[in-house]
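A.B. asks: From first to last, the protein sequence lines stand for chains A and B.
When we follow the working numbering, the leftmost residue of the first sequence carries the number 75, and every step to the right adds one.
When we follow the working numbering, the leftmost residue of the second sequence carries the number 149, and every step to the right adds one.
Do not take every clue at face value.
[To be verified] Using 20 Å as the maximum straight-line C-alpha spacing, the simulated PhoX-like pairs for lysine-lysine come out as follows:
id: 1; chain 1: B; residue 1: Lys259; chain 2: A; residue 2: Lys103
id: 2; chain 1: A; residue 1: Lys183; chain 2: B; residue 2: Lys259
id: 3; chain 1: A; residue 1: Lys183; chain 2: A; residue 2: Lys85
[Unchecked claim] Now the stretches of chain B that chain A is said to cover, found in silico as 3 or more residues with beta-carbon under 8 Å:
id: 4; region: 159-169
id: 5; region: 214-227
id: 6; region: 234-241
id: 7; region: 244-254
Since the hints were made in silico from the structure, they are not lab data.
Glycine residues also receive a C-beta, built at the ideal position from the N, C-alpha and C atoms.
Take a look at the letters that make up each chain.
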Amino acid sequence: MEQFPALIRSKDKMPVRYLVVDDSIFARKNLTRMIETFGGQVAGEAGDGCTAITEYDRTQPDIVLMDITMPQMEGIEAAERIVRQHPDARIVMVSSVGYQENIVAALQKGARHFVQKPVKPEVLYEVVKYVLGDDAVTLATAAAGAGEATQ
Amino acid sequence: MKMDLIQPFINAADAVLAETLRCSTRIGDISMDEDAYRRKGMAALINVQGDIEGRVIFDIESPTAARVASALAGQEVPESDEMVKETVCELANLVIGNAITSLNDQGFRFKIMPPEVHSAEEGLKGSEDTEALVLYFETPAGNVYMNIAMRYNRRRRTERQMAPA
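Using the sequences provided together with the hints, build the complete structure.
C.D. replies: So, in structure tokens, the structure goes:
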């Protein structure tokens, strides 16, 4: 799998921490492999919306990758509940069901972006970078910044 | 069964298999089947409810499923491994999700259920309204079978059309 310029947190230069939510173990493993190529760290995993909420509280991740169709509680409802408790939560919906109404519903409930499955790593990387904004930089940028500061 | 209901599933399967396996695929035989479904290997069943109702069975022979799972996992996965089942379910999810997206953009409203592993030797039988379309895709890893039984839910469509805007 292609390696991407490592994304790290601006505040402490540590790897970006992800919460991966998907009822498919296969999908979670696939996303985890992508996260590793982004230089990130999986802070927690969940297989349904209810667990996602408790895992969010426990791990306080920088970003959440959330499936929509899941047992017990679907991703859009879980996203809404997390954002209600944590208004700054950054949630990216990752689903194969990418029709307009679904995307609009997710964004209205507080999700920041939507990525359609099958996930292309280069698309997810750009979305993560966009959603994290100034809170994440590439390792190379951080190193260049540190170099300038030293001079 | 209308082909305009089926075509999005064929297109989605073709695109998803090509994308995930990073190879070209070829559609093998297509036929209509009213007999009970007999699975070939590891099968995932997804039910659809709403303006269109029915089910799709996504079926992969076990050695092929293991090869696909290994290719996607980047490491050898034995046929008995849970990951093989997971791979088939997720591929089914991807295909059906993409097809649903296309049908939804055409104005159909419905919901898909999470995939369930289909282990019975004989599956759901088609009916006059829901005869199944059976087809397979040839991939370098082996054949991938789909069995699609869909019908319009006329009552739901009529209710929606009659509802005041």
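A.B. asks: Please flag the earlier hints that this structure goes against, numbers listed from lowest up.
C.D. replies: When the structure is compared with the hints, numbers 1 and 3 turn out to be violated.
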